[in-house]
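A.B. asks: Residues per chain are reported as follows:
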Amino acid sequence: MRHRIWISVFAVASLCLTSAPTFAQAGENATLPLPPKLPPPGDGIPDLNGVWEMPYTPDLERPFGGALPFTPLGADKYKTHVGGDDPHGYCQPTGPTRAFHSPFPFQLVQSAGMTVVLFEIDHNFRRIFTDGRPHPKDLDTTWYGDSIGRYEGSKLIVDTIGISDRSWLDTAGHQHSDKLHVTEVFEKTGPDSFTWTAAYDDPVYFTKPWSITLTAKRQKYDIMEMICTDNNQDIPHYITSKPKPQ
Amino acid sequence: MKPSFSGIVVLALGMLSASIPALAHHSFAAEYDQKQPITLKGVVTHLDWMNPHVYFYVDVADKDGKLTHWACEAGNPNALARRGWKKDSLKAGDQITVQGFRAKDGSSTANARSITLADGKQVFAGSSDDGGPDGGEYKGRLN
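Going down the list, the protein sequences come from chains A and B. Mapping of the first sequence onto the numbering used here: residues 1 to 246, in sequence order. Mapping of the second sequence onto the numbering used here: residues 1 to 143, in sequence order.
Worth flagging that the hints you see were computed from the coordinates, not collected in a lab. Only a predicted model underlies this, so the values are computations on that prediction, with no experimental measurement involved. Misleading hints may appear alongside valid ones.
[Unchecked claim] Each computed BS3-like pair below joins lysine-lysine, with the alpha-carbon atoms no more than 30 Å apart:
(1) A/Lys244 to B/Lys104
(2) A/Lys244 to B/Lys121
(3) B/Lys35 to A/Lys79
(4) A/Lys77 to B/Lys104
(5) A/Lys242 to B/Lys104
(6) B/Lys66 to B/Lys121
So here's chain A without its partners, still in its complex pose:
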């Protein structure tokens, strides 16, 4: 019996060792923070630390002020969308920007080389690297994409690519392709406010880049836990156009 156990241990150890190169390869694009290259907040860069909330904006056409500049494909996708297909209705992630204008606050945690966004919605986060690194090569798409940022005066400018086309831009059903390139500008406008401008550039869905601006206000309350899958009883009742995500 003991002999069999040792054979099993050996087998598992061998599997781990043979798998190691795979992990090492994945690690080449890993984004562990590099040593700080920028001064801390307050020393020449805007202090964005704190809990903030933007006005709930379920339809990006509101702040944009009209219909988005759709390509024929983009227009058709929006016209024919079915609300029950919204990935977030199944507690799938919001993507990098929708969480900002959801009806939930978020916390910004700034360090010299990285700003972390702690979203209350879905108890999720984004990392924005400000240590000078470029986007990884051969970037696979992910729900939140890859974000790098730089400081210019009172602004933090964030560049995000590699965003999976599975996410929706808003609750109203505006969608995008994996060619979406988002540029966000966080500009401090006072001790308790900043403007957030998000520019969306997606040649598959839109004929030209377009942008919206919302104002984030500092909140006195803390972010809370929000586990979307806790009690998502809506799923059986959604009216959908395709099989529901599992």
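Chain A is already provided as a structure; the job is to place chain B on it using the hints.
C.D. replies: Structure of chain B alone, referenced to chain A:
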């Protein structure tokens, strides 16, 4: 507990004076029918104070006393808590009137837009902006 109210379903359009905090994680139209407003009078059996939405359950009796168990969706518990509501603001045994809208799938499920206790006090009230019928300028933007 046997409900002391008779259950009634009113299929008539009406203005709702107060509403429930936003449905953030799905649009109103994904699940509910704004052409099917509904009024439920009955007794709360239990409440789930959980994300992404509070659900509470109401036994509603018809004129013959036959009970139907309704599931009602309310707002998000975090948003409700920030407005001062607590999980025991609505509890089992409360006699309530719910105004809302039925699910499109015909099940005994409704989106609650206002909840009124027997003494007339409203609970879980707040603003709504989810594309539902009383959702401000977002009204009717979906589908």
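A.B. asks: With reference to the structure, classify each hint as holding or not holding.
C.D. replies: How the hints compare with the structure:
1. A/Lys244 to B/Lys104: 16 Å, holds
2. A/Lys244 to B/Lys121: 39 Å, violated
3. B/Lys35 to A/Lys79: Cα-Cα ~21 Å, so holds.
4. A/Lys77 to B/Lys104: 22 Å, holds
5. A/Lys242 to B/Lys104: 17 Å, holds
6. B/Lys66 to B/Lys121: 27 Å, holds
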